[in-house]
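Participant: Everything in the sequence shown is counted per our numbering, starting at 1 for the first residue and increasing by one.
Worth double-checking, as some hints may not be accurate.
Straight line, CA to CA, 20 angstroms or less: simulated SDA-like cross-link-like pairs of lysine to any residue [to be verified]:
hint : residue 1 : residue 2
1    : 82        : 95
2    : 113       : 44
3    : 82        : 66
4    : 86        : 64
5    : 82        : 63
6    : 113       : 10
7    : 82        : 54
8    : 86        : 51
9    : 113       : 51
10   : 118       : 70
11   : 118       : 76
12   : 86        : 61
13   : 115       : 51
14   : 82        : 121
15   : 82        : 12
16   : 113       : 12
17   : 113       : 64
18   : 113       : 61
19   : 86        : 76
20   : 113       : 78
21   : 86        : 34
22   : 118       : 39
23   : 86        : 17
24   : 118       : 87
25   : 113       : 42
Restraint ranges, calculated between C-beta atoms of paired labels, are given here [to be verified]:
hint : residue 1 : residue 2 : range
26   : 95        : 17        : 25 to 35 angstroms
27   : 58        : 109       : 13 to 23 angstroms
28   : 113       : 77        : 14 to 24 angstroms
These aren't lab readings, by the way, just hints derived from the structure by calculation. The structure presented is a predicted model; accordingly, all values stated were derived computationally and were not measured. Don't be surprised by glycine CBs; every beta carbon is placed ideally from N, CA and C.
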Amino acid sequence: VPTTGEFTVEIQVLGNNVDGYREIISDGGQSGSDPFFIGYQPDGMIRTNAWTDIVDFPFDNWLNITIVKSNINSFLFINGEKISEKGSAINNPGTGYLQIGRQWTGEEWWSGKIKQIKIGTRDDGYLEVISGLEEGETIVAEGLKKVRPNGKIKPINQ
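Go ahead and model the full structure; you've got the sequences and the hints to work with.
Facilitator: Structure, rendered in structure tokens:
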């Protein structure tokens, strides 16, 4: 996720209702930097950076969730429909690694499936497209590598 400027994160996801905090994607958060994340909180409400209680997460349905961050505002879209407007810009992530299916700390594992993630600037289109994820895989962006359930890491293009 870009560390400065405007950005868009689009995710195709299916979520299972499990108690606790769960993250679909996170970035930053290391060394006290601001994290970027999308997930849900224990009451089932969608949350992202300093923007909580947005709307109930529509569990057990495939969704297209999009977060758009402009320089002055932030927007949440579900299946192409604008669901919420924050009224201010969420933070860009600080230093750290892109985590898919878990929080930047390595906790708050996602329960469900993630089909595709697109990350980009609002002007340039998508910087990264991550697709074809297999059940149980987590991606850690150190040059975008897949972390297999057995703990082995391999480049994403293999």
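Participant: None of the hints should be skipped; say for each whether it holds.
Facilitator: Hints versus structure:
no., hint, verdict
1, 82 / 95, "violated (29 angstroms)"
2, 113 / 44, "holds (17 angstroms)"
3, 82 / 66, "holds (9 angstroms)"
4, 86 / 64, "holds (19 angstroms)"
5, 82 / 63, "holds (13 angstroms)"
6, 113 / 10, "holds (14 angstroms)"
7, 82 / 54, "holds (12 angstroms)"
8, 86 / 51, "holds (7 angstroms)"
9, 113 / 51, "violated (23 angstroms)"
10, 118 / 70, "holds (17 angstroms)"
11, 118 / 76, "holds (15 angstroms)"
12, 86 / 61, "violated (24 angstroms)"
13, 115 / 51, "violated (24 angstroms)"
14, 82 / 121, "holds (19 angstroms)"
15, 82 / 12, "holds (16 angstroms)"
16, 113 / 12, "holds (9 angstroms)"
17, 113 / 64, "holds (12 angstroms)"
18, 113 / 61, "holds (10 angstroms)"
19, 86 / 76, "holds (8 angstroms)"
20, 113 / 78, "holds (16 angstroms)"
21, 86 / 34, "holds (18 angstroms)"
22, 118 / 39, "holds (16 angstroms)"
23, 86 / 17, "violated (24 angstroms)"
24, 118 / 87, "violated (24 angstroms)"
25, 113 / 42, "holds (19 angstroms)"
26, 95 / 17: 25 to 35 angstroms, "holds (33 angstroms)"
27, 58 / 109: 13 to 23 angstroms, "holds (20 angstroms)"
28, 113 / 77: 14 to 24 angstroms, "holds (20 angstroms)"
In the structure shown, a violation is registered for the earlier hints numbered 1, 9, 12, 13, 23 and 24, in ascending order.
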